[in-house]
Amino acid sequence: MKRVLGFAFLALAAFVAAGAVPGDESAMSKIFPYPTHVETLPNGLKVILVPMSSNGLVSYWSIVRTGSRDEFEPGHTGFAHFFEHMMFRGTERFPQEVYSQILTEMGADANAFTSADLTAYHLSVTSDDLERVMEIEADRFQNLAYAESVFETEAGAVYGEYRKNRMSPLFTIYEAIYEEAFKKHTYGHTTMGYERDIKAMPDMFDYSKSFFARYYRPDNVVLLVVGDIDVASTMASIRKHYGEWQPGYVAPEIPREPAQTAERRIEVSYAGQSLPFLWVGYKVDAFDPANRPRVAVDLLAELAFGETSEIHKKLVLDEQVVEFLAAGADPSRDPKLLDIYTRVKDPSKVDYVLAEIDRTVARYRETPPDGDRLADLRSRLKYAFLMNLDTPDHVASSLDRFVSATGGIEAVDELFLAYDSVTAEEVRAAAATYLSPERRTIAVLRGQK
Amino acid sequence: MTRASAALAAGAVLALCAVSCSAPDKEASVVLLPVPDDPTISFTVWFNVGSQDDPPGKEGLAHLTGELLAQGSTTENSYEEILRRLYPLASEYGIRVDKEMTTLTGRTHRDNVEAYYRLFTAAFLKPAFDDSDFQRVQSDAINFLENTLRYASDEELAKAALHALVFAGTSYAHPPVGTVQGLKSITLEDVKKFYREHYLGANAVVALGGGFAGDLAQRFEGALAELPSGEPKAAAGLIDVEPIERTKVIVVSKAGADASISFGFPVEVRRGEKDFYALWIANSWLGEHRNSSSHLYQVIREARGLNYGDYSYIEAFPEGGRRSMPPVNVARNEQMFEIWIRTLPNEQSRFALRAALRELASLVQNGMTAEQFELTRSFLEKYVLHFAETTRERLGYAVDDRFYGIDGEGHLARFRQMMRELTVEDVNAAIRKHLRHDRLKIAIVTGDAEGLSAGLGKDTPSPVSYPSPKSDQILAEDREIAVFPLAIDPDAISIVAVEDVFERAGF
Chain F
1 MKRVLGFAFL ALAAFVAAGA VPGDESAMSK IFPYPTHVET LPNGLKVILV PMSSNGLVSY
61 WSIVRTGSRD EFEPGHTGFA HFFEHMMFRG TERFPQEVYS QILTEMGADA NAFTSADLTA
121 YHLSVTSDDL ERVMEIEADR FQNLAYAESV FETEAGAVYG EYRKNRMSPL FTIYEAIYEE
181 AFKKHTYGHT TMGYERDIKA MPDMFDYSKS FFARYYRPDN VVLLVVGDID VASTMASIRK
241 HYGEWQPGYV APEIPREPAQ TAERRIEVSY AGQSLPFLWV GYKVDAFDPA NRPRVAVDLL
301 AELAFGETSE IHKKLVLDEQ VVEFLAAGAD PSRDPKLLDI YTRVKDPSKV DYVLAEIDRT
361 VARYRETPPD GDRLADLRSR LKYAFLMNLD TPDHVASSLD RFVSATGGIE AVDELFLAYD
421 SVTAEEVRAA AATYLSPERR TIAVLRGQK
Chain X
1 MTRASAALAA GAVLALCAVS CSAPDKEASV VLLPVPDDPT ISFTVWFNVG SQDDPPGKEG
61 LAHLTGELLA QGSTTENSYE EILRRLYPLA SEYGIRVDKE MTTLTGRTHR DNVEAYYRLF
121 TAAFLKPAFD DSDFQRVQSD AINFLENTLR YASDEELAKA ALHALVFAGT SYAHPPVGTV
181 QGLKSITLED VKKFYREHYL GANAVVALGG GFAGDLAQRF EGALAELPSG EPKAAAGLID
241 VEPIERTKVI VVSKAGADAS ISFGFPVEVR RGEKDFYALW IANSWLGEHR NSSSHLYQVI
301 REARGLNYGD YSYIEAFPEG GRRSMPPVNV ARNEQMFEIW IRTLPNEQSR FALRAALREL
361 ASLVQNGMTA EQFELTRSFL EKYVLHFAET TRERLGYAVD DRFYGIDGEG HLARFRQMMR
421 ELTVEDVNAA IRKHLRHDRL KIAIVTGDAE GLSAGLGKDT PSPVSYPSPK SDQILAEDRE
481 IAVFPLAIDP DAISIVAVED VFERAGF
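Chains as they are written, first to last, in my numbering: chain F, 1 to 449; chain X, 1 to 507.
A hint or two may mislead.
Said to hold, decoys possible - With a Cα cut of at most 20 angstroms, we get these calculated EDC-like pairs of lysine to aspartate or glutamate:
1. X:470 <-> F:203
2. F:314 <-> X:140
3. F:345 <-> X:146
4. F:313 <-> X:140
5. X:126 <-> X:190
6. F:184 <-> F:263
7. F:314 <-> X:131
8. F:199 <-> X:347
9. F:345 <-> X:499
10. F:314 <-> X:81
11. F:314 <-> X:130
12. F:313 <-> X:131
13. F:314 <-> X:80
14. X:233 <-> X:197
15. X:433 <-> X:268
16. F:345 <-> X:140
17. X:233 <-> X:189
18. X:192 <-> X:76
To be verified - Distance ranges between label pairs, derived from CB positions:
19. F:423 <-> X:226: 38 to 48 angstroms
20. X:487 <-> F:203: 34 to 44 angstroms
21. F:423 <-> X:111: 17 to 27 angstroms
22. F:101 <-> X:362: 18 to 28 angstroms
23. X:429 <-> F:347: 55 to 65 angstroms
24. X:362 <-> F:92: 24 to 34 angstroms
25. X:480 <-> F:92: 25 to 35 angstroms
26. F:247 <-> X:429: 34 to 44 angstroms
27. X:494 <-> F:262: 49 to 59 angstroms
28. X:429 <-> F:93: 48 to 58 angstroms
29. F:248 <-> X:487: 50 to 60 angstroms
30. F:359 <-> X:230: 43 to 53 angstroms
31. F:347 <-> X:57: 41 to 51 angstroms
Stated by the list, open to error - Residues from chain F shown here face chain X by an in silico Cβ test under 7 angstroms; the list is partial:
32. 100
33. 157
34. 160
35. 161
36. 163
37. 164
38. 202
39. 206
40. 267
Keep in mind the hints are simulated off the structure, nothing from the lab. Where a beta carbon is used, it is the ideal one built from N, C-alpha and C, also for glycine.
With the sequences and hints as input, model every part of the structure.
See the structure below:
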């Protein structure tokens, strides 16, 4: 079926994750099949527990609500991601080698990632190692300690990560269009950061201490624990290991992006050989399940540009002028883009493809979508959600972006209800509001031939 | 054993017992993995055909045939209609064409199983072989080679080039997707003929997992009778891999590229054998995939910050940059030992190659210590639980067990058993028998082909410098690494332009 793009940063987020349960003990909803327990410690640390039968596995996520969005200080792009690497460099009590050895002894599947709105540290372990996990994770979040030389070495590894990414034309155009679309707001740079800032990272040892002190605080972190767990004993352990952690989160001063007043268009060159990529981004509101026009944007993206859309049939299947067509809007914390992007097979057809996108936009601004297609989409959202809840780690990764955007999982349930109630006319109205020329940025990437 | 891991192991045993209990006959054409409380159902059809069956000059025929089933119209529905019907189910199906096996897989919610089953089975029983669909999948495959593999993923390109070099001259050499000229020469008639010859009822096995009920399993197995009849062509058989007499290097020249390196050699050990599990322990210690426990990772990335990661393998591991656990349904009779050095600056590439070789040499010469062995085997005994957390993955392993002829509990259960039984002596004997650090094949994608080749051929020292201070121990090691002998004859190094790679079979 459709080719899967291996880029986490382009995930059509809203369409694979939705639904969960608000409230406290054992609240159940029609959608989410597992009970939840949500509790906030006195120091502000929010804990979300999702007990589920999982053959003895537990997924343990520490979600810091800080990502590249928070890199508002000039010269510090990419720092949230870089700092994620530093979190594996140990503490006085569990130096790096000891921390690594403990993970190895547990046979943990452990990793971390950074996006615009969050940094997530996740481990999948067996439930009899859960207590040990809480001990080492609580320790590193409170007592991280690393030498300056280690800090500088890690900067080299991060540069290596940039090297492997930059050969991708999709990454190149993604980086370029966001820089063009956001002149003030920090969504203008990618999570990797600018190459010049990555190069300068070895010199930012002192800054890293300040970064940790401001952002790695309990009032900016959510623990999400899913799997074969006992709620009472897990909560008791969390209180024991995290209870002394001092609050003190300092919110970043993120500049607001001024309203865009005219269409922007850029040409992006790519050093390798590539078919052209075309990317159109429309400014849309921040994620908010109570904002019905914004919820309608998620439906609009799929109805207008998804796999069963008219433009997909015309451009991908019948005329075969593009290789794929994708569209979606991140559930972001601040206003971001509805992204529509495609790879054009014939370099001379870029303007033609853009004209077809324009035609689609005009049609959806004028006419509500077909009711049967809207019903099919609702069914799709529901089953995509249900089918993705088969392991603790999948459950956690279905919830993380909602935690980062809103600080909890209540929004997921609201979103799902909203998907079911947004009307065809509201989808049309959302198109009329958001898909206007002065809100959009167009980027075309061409390779060397 | 711990409580939780015991519970998980018991679960795995029960599930796999269900497979063998349901299909005790090794030749039976169905694999069942019932998981009653799973609300989804996973489907697989495994066809005993792969890219090694591509006729010479038509490399990519197996791939295009498979893709046309997965991304094409059937005699019941146009492809557009198939997409429309799958859409509300949030379900898809996809194909993986590997060297020796082709698997069509899919998954749906049990609410939708009948609607999905009709679409899934029609995909392989009633392909329409529509010309427009054919042109689409053909152009996608050519674009993948010409643009994506050559220009957008140097690490995968180096791995594919290494594979072609190790299996040069055999039907294993070209990537499963084919070659540019091979793909261009394939016609729709070729595809139809390939389907008639290979997609036979006698050449297929169906596999079903999850919360299925009623007569679905019987119907699914019965569907095989609707495939073309006839005797499968004789299996391609084991290929004859040329022994490596001396180290050979292929340097892929790509303007502006940093260096991406892979190297290795064939290994004569198969999943299911005792030596395989012994070697897995050694390999895990040396280079566990995407894991900081990897020794190569610690030496090259952690201590020196040269790149993003460094890993090693004893089984095929495609798409390593995109997955953290081993893939399923890439079972192969021919495997190689392989080290993957992730992208790094050209000026540090020979140092990194030497560092990896030096660690491999040390492992071959000294074996593992008792302490390293104990830590690694206890790690793996639990880590293997993450290999197949979902029904779909476990079903994939069950199919692979059939490929490898692993009876009883299956590979994953045997894996854990072997972690408990093997000794450090077993592991070190396997290292001595199967691993080496000379007579290698090396593939490098680089923007400095001439300079790198000259440095490799002359074995000139490759010192490295850092932007930050390093310990005396690291610096002392660096001096040894910088002059570690590579022993590469200048005439064993070939440079190939990136635009020529996989244009046709061979370099």
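Status of each hint after checking the structure:
1. X:470 <-> F:203: Roughly 16 angstroms between the alpha carbons, so the hint for residue 470 of chain X and residue 203 of chain F holds.
2. F:314 <-> X:140: holds, 17 angstroms
3. F:345 <-> X:146: holds, 12 angstroms
4. F:313 <-> X:140: Status holds; Cα separation ~16 angstroms.
5. X:126 <-> X:190: holds, 17 angstroms
6. F:184 <-> F:263: The hint holds at about 17 angstroms.
7. F:314 <-> X:131: holds, 16 angstroms
8. F:199 <-> X:347: With Cα atoms ~17 angstroms apart, residue 199 of chain F and residue 347 of chain X stay inside 20 angstroms; holds.
9. F:345 <-> X:499: holds, 18 angstroms
10. F:314 <-> X:81: holds, 14 angstroms
11. F:314 <-> X:130: holds, 17 angstroms
12. F:313 <-> X:131: holds, 16 angstroms
13. F:314 <-> X:80: holds, 10 angstroms
14. X:233 <-> X:197: Given pair residue 233 of chain X, residue 197 of chain X holds - Cα atoms ~7 angstroms apart, limit 20 angstroms.
15. X:433 <-> X:268: holds, 10 angstroms
16. F:345 <-> X:140: holds, 9 angstroms
17. X:233 <-> X:189: holds, 19 angstroms
18. X:192 <-> X:76: Within the cut-off at roughly 17 angstroms; holds.
19. F:423 <-> X:226: 38 to 48 angstroms: With a Cβ separation near 44 angstroms, residue 423 of chain F and residue 226 of chain X satisfy 38 to 48 angstroms, so the hint holds.
20. X:487 <-> F:203: 34 to 44 angstroms: holds, 40 angstroms
21. F:423 <-> X:111: 17 to 27 angstroms: holds, 25 angstroms
22. F:101 <-> X:362: 18 to 28 angstroms: holds, 20 angstroms
23. X:429 <-> F:347: 55 to 65 angstroms: holds, 58 angstroms
24. X:362 <-> F:92: 24 to 34 angstroms: Holds: the Cβ-Cβ distance is about 32 angstroms, inside 24 to 34 angstroms.
25. X:480 <-> F:92: 25 to 35 angstroms: holds, 32 angstroms
26. F:247 <-> X:429: 34 to 44 angstroms: violated, 57 angstroms
27. X:494 <-> F:262: 49 to 59 angstroms: holds, 54 angstroms
28. X:429 <-> F:93: 48 to 58 angstroms: Roughly 40 angstroms apart at Cβ, these two residues miss the hinted range, so it is violated.
29. F:248 <-> X:487: 50 to 60 angstroms: holds, 58 angstroms
30. F:359 <-> X:230: 43 to 53 angstroms: holds, 50 angstroms
31. F:347 <-> X:57: 41 to 51 angstroms: violated, 29 angstroms
32. 100: holds, 6 angstroms
33. 157: holds, 5 angstroms
34. 160: holds, 4 angstroms
35. 161: holds, 5 angstroms
36. 163: holds, 5 angstroms
37. 164: holds, 5 angstroms
38. 202: Since the shortest Cβ distance to chain X is 5 angstroms, the answer is holds.
39. 206: Where the cut-off is 7 angstroms and the nearest Cβ of chain X is about 15 angstroms from residue 206 of chain F, the hint is violated.
40. 267: violated, 19 angstroms
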